[in-house]
Amino acid sequence: MKAIRISLLMVVICGLVYPLLMTGLSQLLFPYQAQGSIMKDSKGKALGSEIIGQKFTSDRYFHGRVSSIDYDASGSGSENYAPSNKQMIERTEKEATKRLKENPGATKGDVPLDLITNSGSGLDPQISPEAARFQIPRVARATKVSEEKLSSLVSFYTEKKELGVFGEPRVNVLKLNQALDAIVQKNKG
Amino acid sequence: MGSALIQYTVIIILLILIAIPLGRYIASIFSNENHRTDRFFLPMEKVIFRLSGIDNRLEMTWWEYVKALLLVNGILLGFAYLILRFQGGLPLNPNGITNMDPTSVFNTAISFMTNTDLQHYSGESGLSNLSQIIVITMMMFTSSVTGLSVAMAFIRGITRKGKTIGNFFQDFVRGHIRLMLPLAILLTLMLVAAGVPQTLDANTTVQTLEGAKQVIARGPVASLESIKHLGTNGGGFFGANSAHPFENPTALTNILEILAMWSIPAAMPIAYGRIAKNPKQGWVIFGGMMAIFLMMLLTVHLAESAGNPALVERGFDSSQGSMEGKETRFGISMSAIFTAVTTAATTGTVNNMHDTLTPIGGMVPLMLMMFNTVFGGEGVGFVNMMMYALLGVFIAGLMVGRTPEFLGKKIESREMKFIVLALLSHPLAILIPTAIAFLTPLGMGAISNEGFHGITQVLYEFTSSSANNGSGFEGLGDATPFWNISTGVVMLIGRYISIIALLAVAGSLANKQPVPETIGTLRTDNATFGVVLTGTVLLIGALTFLPVLVLGPIAEFLSIG
Chain A
1 MKAIRISLLM VVICGLVYPL LMTGLSQLLF PYQAQGSIMK DSKGKALGSE IIGQKFTSDR
61 YFHGRVSSID YDASGSGSEN YAPSNKQMIE RTEKEATKRL KENPGATKGD VPLDLITNSG
121 SGLDPQISPE AARFQIPRVA RATKVSEEKL SSLVSFYTEK KELGVFGEPR VNVLKLNQAL
181 DAIVQKNKG
Chain B
1 MGSALIQYTV IIILLILIAI PLGRYIASIF SNENHRTDRF FLPMEKVIFR LSGIDNRLEM
61 TWWEYVKALL LVNGILLGFA YLILRFQGGL PLNPNGITNM DPTSVFNTAI SFMTNTDLQH
121 YSGESGLSNL SQIIVITMMM FTSSVTGLSV AMAFIRGITR KGKTIGNFFQ DFVRGHIRLM
181 LPLAILLTLM LVAAGVPQTL DANTTVQTLE GAKQVIARGP VASLESIKHL GTNGGGFFGA
241 NSAHPFENPT ALTNILEILA MWSIPAAMPI AYGRIAKNPK QGWVIFGGMM AIFLMMLLTV
301 HLAESAGNPA LVERGFDSSQ GSMEGKETRF GISMSAIFTA VTTAATTGTV NNMHDTLTPI
361 GGMVPLMLMM FNTVFGGEGV GFVNMMMYAL LGVFIAGLMV GRTPEFLGKK IESREMKFIV
421 LALLSHPLAI LIPTAIAFLT PLGMGAISNE GFHGITQVLY EFTSSSANNG SGFEGLGDAT
481 PFWNISTGVV MLIGRYISII ALLAVAGSLA NKQPVPETIG TLRTDNATFG VVLTGTVLLI
541 GALTFLPVLV LGPIAEFLSI G
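First to last, the protein sequences are chains A and B. Position 157 of the first sequence, counted from 1, bears residue number 157 in this note's numbering, the numbering being contiguous throughout. Position 32 of the second sequence, counted from 1, bears residue number 32 in this note's numbering, the numbering being contiguous throughout.
Chain A on its own, in the form it takes in the complex (with noise of 0.2 Å):
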């Protein structure tokens, strides 16, 4: 009886109080972050998580990695593929086979991996700064916006390690294709 009157208090502590407390903290200190780093684009709408990748298959836009599950953020996660898996091996050579056609001149040695490599939640909402520049010119010839002025929002978006140490440098694909279609707009008008 003890027992039982113990472990429902550490029920009650653990699994209610404390979450319930840390979710209304969390909103009064960091509303925007606690509720997903959702961003808006001019009128208000939302336009996506600023740290949730997602799908983009145009040629005016920079591409993100393989996603087995599409960007579908309902969900995560991937195949799992082992690195003898015959599959794997072969839907990266047909990644690849797909960049090189939008790169001519390249070779299979010069795509960047992580660009037809499966990121392990299938939700990764960066990619290196090479891949990024890989698909300057494909971008470049669908945008009509110039491969210099590609390259400079390239690097204006390249995020370095985090305190010059840790991780590894990336580009955040959502916002950088963002600001493209901003220069895009202006270009038009």
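Derived from the structure by calculation, the hints contain no laboratory data. Keep in mind the model is a prediction, meaning the values are calculated, not measured. Hints may be right or wrong, so weigh each one.
Derived Cβ-Cβ restraints for the label pairs, each shown as a range [what the hints assert, rightly or not]: (1) B:M1 - A:L29: 22 to 30 Å; (2) A:K108 - B:T9: 30 to 38 Å; (3) A:E159 - B:F438: 16 to 24 Å; (4) B:Q207 - A:F156: 23 to 31 Å; (5) A:T97 - B:S559: 22 to 30 Å.
For glycine and all other residues, C-beta sits at the position ideal for the given N, C-alpha and C.
Mind docking chain B on chain A? Use the hints.
Okay, now just chain B, sitting in the frame of chain A:
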């Protein structure tokens, strides 16, 4: 390599800087010493004990301690079963999640109570917000504090003289109030600031730049995320676990999570050294753990940064290392150390998909779980290390023809029987079910990667269950009654047999008359003993599992391309 070394070094220095004061603090909590924080914490504890009617000063024998532990764990298991089974009709279910089926509930409830956090469901579609907080988050606290209590009772047993080893309820409540809850609150707020969501609202729908609809799952993530690591639990809010940008948005949160899951296991030897009044011995144990850890970290780093041999051979870019299953923001270094720490501290959280690791890279987490003691899970990892220490003393004692002693107490046949029981339960709980799985279509049908890698998938699943780790080679189609029940049973064996056996050892040692130290006593606080200890772990761990490692990862390594 240079950049990776800097990252690793900084993390390990931070770890040591945290572990020293944390170890002292943990020692003070569980020695029931007066502490300047009493003014704040003591009234809360008094309320809890008054409401539950428990006399927290009553000393328990080892068997009474075990009974109280099993009772509380059993009650919580039953509670979890009911909530998960009927979550569809309960409140806080904005996304309309349905009830979980019975064998999945069996697996999930055991998984979280045993600090394993093996997940045969995906959080986004499998759990309501209520289940995420009142079952998953709650058990992340209670299971880790249970482990911590076991370690403290064990330390009391081997360091004190008498029949008793403390009061389980006292340890259980103080572990929550003074350690886990304050740390979790702090870490939660840090994670939210860095981008981890914490909301009870339903999933949100956005219109992407290309005009498509994207549904984004969210929920009370941060409050789970913090205790998931602090308690070496590892079960993710989302299916992709800490690879998901909402669970682990940046390299800095990655470091926070690494330190959160590593600090308490690393502080245990220091806490022990303080209670045993022999800090040097604590450091010898810490050093032994760190030596094995560094070997493993180096191996996984080299294997992953060399790239997947099958792709490198086909002429793909190898400058980034093997990026399949990894996240851009982490790259190789932040993924490799996460993989090593999550399996060393048997947390089971993953920031990259272990199934996609290169053959040798994937062997590292497997081996760390087979050792189950290189830092190890909350509390229990340290106790396992002490088991190896007692075994080392015994073997070394036999070799030089002396009565084995530890802290002035003789290690005799009763203790050795319990130690061997705990020692053997781990490999048996892994190897026998693995063999059974290969004999049945129910087991074989789950394998998603053909060839030698398939062997590793099955082996990894049971190793992870028995080590109460919870990570997986997730390609395995394990959401079936066969896997739910078999791994459920293995998790119970992996958790409770060693806990009971080792508390029995502690109870037995507490009862012994200390013998005076002489010149012939084998010292257990110097480098020689550190080598004996590391050797025992490597030898017994590696030899037990070598044949099956040859069939899985090593064969894959030799044949890939």
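Results for each hint:
1. B:M1 - A:L29: 22 to 30 Å: violated, 40 Å
2. A:K108 - B:T9: 30 to 38 Å: The hinted range 30 to 38 Å holds for K108 of chain A and T9 of chain B, with Cβ atoms some 36 Å apart.
3. A:E159 - B:F438: 16 to 24 Å: Violated: the Cβ-Cβ distance is about 46 Å, outside 16 to 24 Å.
4. B:Q207 - A:F156: 23 to 31 Å: holds, 25 Å
5. A:T97 - B:S559: 22 to 30 Å: About 26 Å separates the Cβ atoms of T97 of chain A and S559 of chain B, which means 22 to 30 Å holds.
Checked against the numbered hints listed earlier, the structure breaks hints 1 and 3; every other hint is satisfied.
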